[in-house]
Amino acid sequence: MAKGSLIVGWGEIIAGREKAAQATLKNAMQYCIRLQQEGKIDRFEVVALEPHGSDLNGFVLITGDRETVAQLRAEDEFVSVMVGVQLVHRHVRVVGAYTGAELQSLFAMWDEQEDKLLVE
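Per our numbering, the sequence shown starts with residue 71, numbered consecutively.
Hint data in this document are derived by calculation from the structure and do not stem from the laboratory.
We put the CB at the ideal spot given by N, CA and C, even for glycine.
Check each hint, because a few of them may be wrong.
To be verified - For each label pair, taking beta carbons as the anchor points, the in silico distance ranges come out as:
| id | residue 1 | residue 2 | range |
| --- | --- | --- | --- |
| 1 | Val162 | Thr138 | 15 to 23 Å |
| 2 | Lys186 | His122 | 34 to 42 Å |
| 3 | Tyr168 | Gly81 | 19 to 27 Å |
| 4 | Gln141 | Ala85 | 31 to 39 Å |
| 5 | Tyr101 | Met71 | 20 to 28 Å |
| 6 | Trp180 | Ala144 | 22 to 30 Å |
| 7 | Glu115 | Ala93 | 18 to 26 Å |
| 8 | Ala171 | Val116 | 37 to 45 Å |
| 9 | Lys186 | Arg87 | 27 to 35 Å |
| 10 | Ala178 | Ala85 | 41 to 49 Å |
| 11 | Leu119 | Asp146 | 23 to 31 Å |
To be verified - Here are the simulated lysine-lysine pairs, DSSO-like style, with alpha carbons at most 30 Å apart:
| id | residue 1 | residue 2 |
| --- | --- | --- |
| 12 | Lys73 | Lys186 |
| 13 | Lys96 | Lys73 |
| 14 | Lys110 | Lys73 |
| 15 | Lys96 | Lys110 |
Model the full assembly from the supplied sequences, consistent with the hints where possible.
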């Protein structure tokens with residue numbers, strides 16, 4: 071079974087929405103825990119970044135079956151959680167990602183496209 075990942079990233083908290091941000095984080099973590107308990111995802115990891123001058127302050131890496139993880143993005147509950155995050159954080163993003171063994175399939179596609187497109 072092919073694995074897939076999503077990164078849900080966020081930037082700074084919008085001023086005046088700090089308390090709402092705490093509740094939103096709690097809600098998002100409960101959602102991820104439930105997804106894992108239900109077997110919809112294999113795991114998730116929350117990462118907070120140290121100050122570094124970018125608009126990315128942290129992210130959640132969600133990993134599971136590629137099809138199931140891809141379908142999360144279209145589910146009403148996922149979208150609702152993301153709307154909540156957008157209401158309290160700037161620069162929210164959801165991006166598909168390759169991790170672990172799936173990196174090899176990405177690298178193979180990369181090599182194939184290089185061979186097709188970058189012929190000298």
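We went through each hint and held it up to the structure:
Distance hint check for Val162 and Thr138: the Cβ-Cβ separation is about 22 Å, which falls inside the suggested range of 15 to 23 Å. Between Lys186 and His122 the beta carbon distance is about 37 Å. The supplied range of 34 to 42 Å therefore holds. At roughly 23 Å, the beta carbons of Tyr168 and Gly81 sit within the given window of 19 to 27 Å. Between Gln141 and Ala85 the C-beta distance comes to about 35 Å, which sits within the given range of 31 to 39 Å.
Tyr101 and Met71 have their C-beta atoms about 23 Å apart, which keeps the hinted 20 to 28 Å range intact. A hinted range of 22 to 30 Å for the beta carbons of Trp180 and Ala144 is consistent with their spacing of about 27 Å. Between Glu115 and Ala93 the Cβ separation comes to about 21 Å, which falls inside the hinted range of 18 to 26 Å. For Ala171 paired with Val116, a C-beta distance near 23 Å fails the hint of 37 to 45 Å.
Under the hint 27 to 35 Å, the C-beta atoms of Lys186 and Arg87, about 48 Å apart, miss the expected range. Take Ala178 and Ala85: their Cβ atoms lie about 46 Å apart, and the range 41 to 49 Å holds. A hinted range of 23 to 31 Å holds for the C-beta pair Leu119 and Asp146, which are about 29 Å apart. Restraint check for Lys73 and Lys186: the C-alpha separation of about 26 Å stays at or below 30 Å, so the hint holds.
Note on Lys96 and Lys73: the hinted pairing holds, with a Cα-Cα distance of about 26 Å set against a maximum of 30 Å. Straight-line distance between C-alpha atoms of Lys110 and Lys73 comes to about 12 Å, which keeps the hinted pair within the 30 Å bound. Proximity of Lys96 to Lys110 is assessed by CA-CA distance (about 19 Å); at most 30 Å being required, the pair is judged to hold.
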